[in-house]
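With chain A held as given, fit chain B onto it using these hints.
If you read the sequences in order, they're chains A and B. Under the numbering used here, the first residue of the first sequence carries the number 6, and numbering increases by one thereafter. Under the numbering used here, the first residue of the second sequence carries the number 8, and numbering increases by one thereafter.
Source of the hints: derived by calculation from the structure; they are not laboratory data. One should not assume that every hint holds.
Calculated cross-link-like contacts (lysine-lysine; reagent style PhoX-like; alpha-carbon spacing at most 25 Å) [claimed, not checked]: (1) B:17 x A:130; (2) B:60 x A:10; (3) A:73 x B:60; (4) B:53 x A:130; (5) A:100 x A:56; (6) B:17 x A:100; (7) A:138 x B:60.
Computed footprint of chain B on chain A; a stretch qualifies when at least three of its residues, placed anywhere within it, have a C-beta under 8 Å from a C-beta of chain B [as the list claims (entries may be wrong)]: (8) 59-66; (9) 126-140.
Glycine included, each C-beta is placed from N, C-alpha and C at the ideal position.
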Amino acid sequence: MSEKKIKNIFVDGPIEPAFIADSIAKHNSQTAIGGHSIFMGQVRKDEIEGKFVAAIDYTAYEDLALEKMHQIREDIFEKYPLNCMHIYHSLGRIKAGEICLFVFTSSAHRKPAMAACNEVVDRLKAELPIWGKEIFEDETHQWKENI
Amino acid sequence: MKIELISFGKISEFINNQNIEVDGIADTDAFKQYLENQFPPLKSMKYKLALNKNIVQENTEITNNSTIAIMPPFSGG
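Just chain A, with the same shape it has in the complex:
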């Protein structure tokens, strides 16, 4: 069994664009990297039966989610030649237009970074115990479901 170091992925509130810029800047010294791939999830102002989504309130079963994310991380590093991978997911109330997910993968050449980034996003949506409550402008709500 590999050494287990569980990383946190959760951030309270939205992921700020400045934080993303800073994450990119931090890779300046890693000169073996030739390609980065970034996915950002943004809260969409969906219209459902005439009402608009104002925000999504995210909650998670954090312990289980981090455990699961650790397994996904290990699988991805085994499958693709990545230099690094960073994942952040918001908790709490994120307004429409704000960033709630940030996945950042880097490799020597672009293809592994791009494939890994896609796969992480797909697996994270399907496998992590995180729930989004869509809050409408009139403060009523419905629970989101990933298909």
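Quick look at chain B alone, frame taken from chain A:
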């Protein structure tokens, strides 16, 4: 047998986190039956259980002082 019950998402709106005392329930299949009797809205919902932070994929034995989470479909990202 003591069980700590925790719930998430939509399910947390009608099942509070609570400690319960149950007898004659040996495994997760029996526990699902118990839950659906106690909380009828569950019958028509999709949900998964996690037993001591492991997602239940097949019927699993439950031991005293377990934590069981009731989880509706995920919607992260």
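Right, here's what the structure says about each hint:
no., hint, result
1, B:17 x A:130, "holds, 17 Å"
2, B:60 x A:10, "holds, 17 Å"
3, A:73 x B:60, "holds, 10 Å"
4, B:53 x A:130, "holds, 17 Å"
5, A:100 x A:56, "holds, 15 Å"
6, B:17 x A:100, "holds, 20 Å"
7, A:138 x B:60, "holds, 23 Å"
8, 59-66, "holds (count 4)"
9, 126-140, "holds (count 11)"
Hint check: no violations occur; every hint is consistent with the structure.
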